[in-house]
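Chains as they are written, first to last, in the working numbering: chain A, 1 to 385; chain B, 1 to 385.
Because the hints were derived from the structure by calculation, they are not lab data.
Hints should not be assumed to be uniformly reliable.
Note that the list lumps identical chains together, so a pair holds whenever it fits in one copy or between two copies.
Quick list of in silico lysine-lysine cross-link-like pairs, PhoX-like style, CA-CA up to 25 angstroms [unchecked claim]:
| no. | residue 1 | residue 2 |
| --- | --- | --- |
| 1 | Lys-131 | Lys-299 |
| 2 | Lys-113 | Lys-233 |
| 3 | Lys-299 | Lys-328 |
| 4 | Lys-328 | Lys-249 |
| 5 | Lys-333 | Lys-352 |
| 6 | Lys-233 | Lys-333 |
| 7 | Lys-332 | Lys-58 |
| 8 | Lys-7 | Lys-58 |
| 9 | Lys-332 | Lys-352 |
| 10 | Lys-352 | Lys-131 |
Protein chains: 2
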Amino acid sequence: MTVQEKKVIAVPQVEPRTPIPIQNLRVAGPTPLPPEVLRTQSFPMLNHRGPEFAAIVKRVTLRLGYFFQTASPVLTYAASGTGGQECALVNLFSPGDHVVAITIGSFGNRFAKIATAYGLHVTRLEFPWGKAADPKVVEARLKENAPFRGVLITHNETSTGVTNDVQTLAALVRDINPEALIAVDAVSSLGCIPLEMDAWDLDVVFTGSQKGWMSPPGLMMIAASPRAWEANKTAKLPRFYFDWASSRKKLEVWQQPATPPVSIFYTLDMGMEMMLAEGREAIFERHRQAGNYIRQRAKAMGLHVLADPEYASNTVSALMKPEGVDSKALLKKLREQDHIVLAGGQDHLEGKIFRIGHLGFFSQADLDQVMDKLELRLHEAGFRG
Amino acid sequence: MTVQEKKVIAVPQVEPRTPIPIQNLRVAGPTPLPPEVLRTQSFPMLNHRGPEFAAIVKRVTLRLGYFFQTASPVLTYAASGTGGQECALVNLFSPGDHVVAITIGSFGNRFAKIATAYGLHVTRLEFPWGKAADPKVVEARLKENAPFRGVLITHNETSTGVTNDVQTLAALVRDINPEALIAVDAVSSLGCIPLEMDAWDLDVVFTGSQKGWMSPPGLMMIAASPRAWEANKTAKLPRFYFDWASSRKKLEVWQQPATPPVSIFYTLDMGMEMMLAEGREAIFERHRQAGNYIRQRAKAMGLHVLADPEYASNTVSALMKPEGVDSKALLKKLREQDHIVLAGGQDHLEGKIFRIGHLGFFSQADLDQVMDKLELRLHEAGFRG
Numbered sequence: 001m002t003v004q005e006k007k008v009i010a011v012p013q014v015e016p017r018t019p020i021p022i023q024n025l026r027v028a029g030p031t032p033l034p035p036e037v038l039r040t041q042s043f044p045m046l047n048h049r050g051p052e053f054a055a056i057v058k059r060v061t062l063r064l065g066y067f068f069q070t071a072s073p074v075l076t077y078a079a080s081g082t083g084g085q086e087c088a089l090v091n092l093f094s095p096g097d098h099v100v101a102i103t104i105g106s107f108g109n110r111f112a113k114i115a116t117a118y119g120l121h122v123t124r125l126e127f128p129w130g131k132a133a134d135p136k137v138v139e140a141r142l143k144e145n146a147p148f149r150g151v152l153i154t155h156n157e158t159s160t161g162v163t164n165d166v167q168t169l170a171a172l173v174r175d176i177n178p179e180a181l182i183a184v185d186a187v188s189s190l191g192c193i194p195l196e197m198d199a200w201d202l203d204v205v206f207t208g209s210q211k212g213w214m215s216p217p218g219l220m221m222i223a224a225s226p227r228a229w230e231a232n233k234t235a236k237l238p239r240f241y242f243d244w245a246s247s248r249k250k251l252e253v254w255q256q257p258a259t260p261p262v263s264i265f266y267t268l269d270m271g272m273e274m275m276l277a278e279g280r281e282a283i284f285e286r287h288r289q290a291g292n293y294i295r296q297r298a299k300a301m302g303l304h305v306l307a308d309p310e311y312a313s314n315t316v317s318a319l320m321k322p323e324g325v326d327s328k329a330l331l332k333k334l335r336e337q338d339h340i341v342l343a344g345g346q347d348h349l350e351g352k353i354f355r356i357g358h359l360g361f362f363s364q365a366d367l368d369q370v371m372d373k374l375e376l377r378l379h380e381a382g383f384r385g
Numbered sequence: 001m002t003v004q005e006k007k008v009i010a011v012p013q014v015e016p017r018t019p020i021p022i023q024n025l026r027v028a029g030p031t032p033l034p035p036e037v038l039r040t041q042s043f044p045m046l047n048h049r050g051p052e053f054a055a056i057v058k059r060v061t062l063r064l065g066y067f068f069q070t071a072s073p074v075l076t077y078a079a080s081g082t083g084g085q086e087c088a089l090v091n092l093f094s095p096g097d098h099v100v101a102i103t104i105g106s107f108g109n110r111f112a113k114i115a116t117a118y119g120l121h122v123t124r125l126e127f128p129w130g131k132a133a134d135p136k137v138v139e140a141r142l143k144e145n146a147p148f149r150g151v152l153i154t155h156n157e158t159s160t161g162v163t164n165d166v167q168t169l170a171a172l173v174r175d176i177n178p179e180a181l182i183a184v185d186a187v188s189s190l191g192c193i194p195l196e197m198d199a200w201d202l203d204v205v206f207t208g209s210q211k212g213w214m215s216p217p218g219l220m221m222i223a224a225s226p227r228a229w230e231a232n233k234t235a236k237l238p239r240f241y242f243d244w245a246s247s248r249k250k251l252e253v254w255q256q257p258a259t260p261p262v263s264i265f266y267t268l269d270m271g272m273e274m275m276l277a278e279g280r281e282a283i284f285e286r287h288r289q290a291g292n293y294i295r296q297r298a299k300a301m302g303l304h305v306l307a308d309p310e311y312a313s314n315t316v317s318a319l320m321k322p323e324g325v326d327s328k329a330l331l332k333k334l335r336e337q338d339h340i341v342l343a344g345g346q347d348h349l350e351g352k353i354f355r356i357g358h359l360g361f362f363s364q365a366d367l368d369q370v371m372d373k374l375e376l377r378l379h380e381a382g383f384r385g
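Please construct the entire structure, taking both the sequences and the accompanying hints into account.
Below is the structure:
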């Protein structure tokens, strides 16, 4: 062995830890966690191959099926929502497959971008940010662009606060191509906004733990229809970590092929128990009322909602920044003075909108505080509506 | 829209939640968490794009660099250790690239399997389970199999309890091919067993939060050398979720491209603070003593350690099941009667070995209890050593 120069890396000088502030966290995920859920995080670790953890995986998996409204197994991966997009694509398709990506914002674009990165032939059907996918336009463009193997649809576009009518879109895709593989990004909608995977004949649906599930980020949940499982057998895109077949096999004994994020299973287990106690339809109604409330208050104070009113999201609202107001300074003031955390805009909407998350665990009082303080701070910034 | 048959999925009947038992959890990850770390898990969520979380990412990232002993940025992903293997491969190589996979067990085989799944030309250098990679054999076989673009090495093979001499192996790879990309799976070693990424001229090193880091599973940490970053520019394997370049770019503002597992950052922040307080060399010494202790006790009670003594791991020990003892029944009794959780064997060693994890957070009393009860239960099972 050659003698090498020793490169010693010293202990870095860092800022000390400071307490995590208590905030009214209203970005579109991570979302605040109920105390009952936070409490589960201090439970001790378990062997991910043992019977105690298997019981949790079983309960969580079966209950996820209810929220997905699917009889197919719901698979889970340590990943973000973006991991869900990649997981859907690599399990369904082969290089060169033609997919139509219906995109209405940043996350729809990301879905298309991943498909391109994996060598698919991607046709983008883009709609202006703030608009939903227009079924008539989609129908015409799909016919023009046939044949296609798959269609990528965003249920709820987190970057614009718009919810697509997935049921209608899926039905018209199916009319044009009964064998099309319909992959739905339901990251920021599932559990909050109605979606019925089997009844709507969707082929892949995925979501993330940090959105409507009262859990921290770290777990991605995905289900595939029998048609998608059939496609999976011949899909040639390379995959291993996100492979469905190995996950399904391990799920027979309520395990995962790799080590799952044990603590996120604890939170999801408790989170879904609370969700079931509230009732799925009641949760949908709570989100519907929240969406209406935020939009009404925004309009009443003279703000313009980015979303087409017919398709405005009930989990996240994007509000246009008024002329002359510095949105970065506004968000900073809300965070520092009022402990309210909102999100800015993404891509070309950076600095032009701010977004309010109203999904998962929230009360009317939380939303009241957001809108009251927003009104106050906008007023201070000279905005008179 | 066509009227579709409504497929209603009812709320599933499930077993109710039961308390998570307090156990002496001695699998090779997940590992028990110190109370200080568990406490951080009840901290409220933060905006992953806000300044409070950026401060955590910065501190964690810099400190990881110290434990990796690298000046390169340490990237993090919501993933398991298997995700680390995939992340290393897709960022370094192009289809058809020749890589030599040195494998001494199940996880080495997995690394090779992922390389094959991604269309690399893989030469496996396999060593018998329980043995380390023999530098002389590796040298000869590498010369026979040149040219090669990369070499995959397991630092600590979790399935057999064997630690490769990565420093020596890397040096001889470098002698044969100065431009070879050396990717090291340090999932169950980093932070516990000495590894110096820059000084040993390793190109990729990755680990997982649930091993030596006093954290739950869910976060994979990976670093790449300047040589690896150069290779990354021309590496053509498809990737998006695990892409380094986008992660590095976002790390400039102490963020991740996708939503990171916020709660695991809390634990890692506290876990590393505790690790630094103990001192890196003191941690290594604690693991060295633990390895010696487990092996000495095993031998004293007449058990055979699978690992070649010269390369026996200081984080996980694989003990041969004695003739006539039902290892499944033994592990069950230990778990149910003594609340001690050990792991079985993997692949062809299933039922033939049991494995004891001694990494991360443990005390001598924890190890004493494991070995005392193991001795007792083996005696009850008729084993007289």
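Hint by hint, which ones does this structure get wrong, listed from lowest number up?
6
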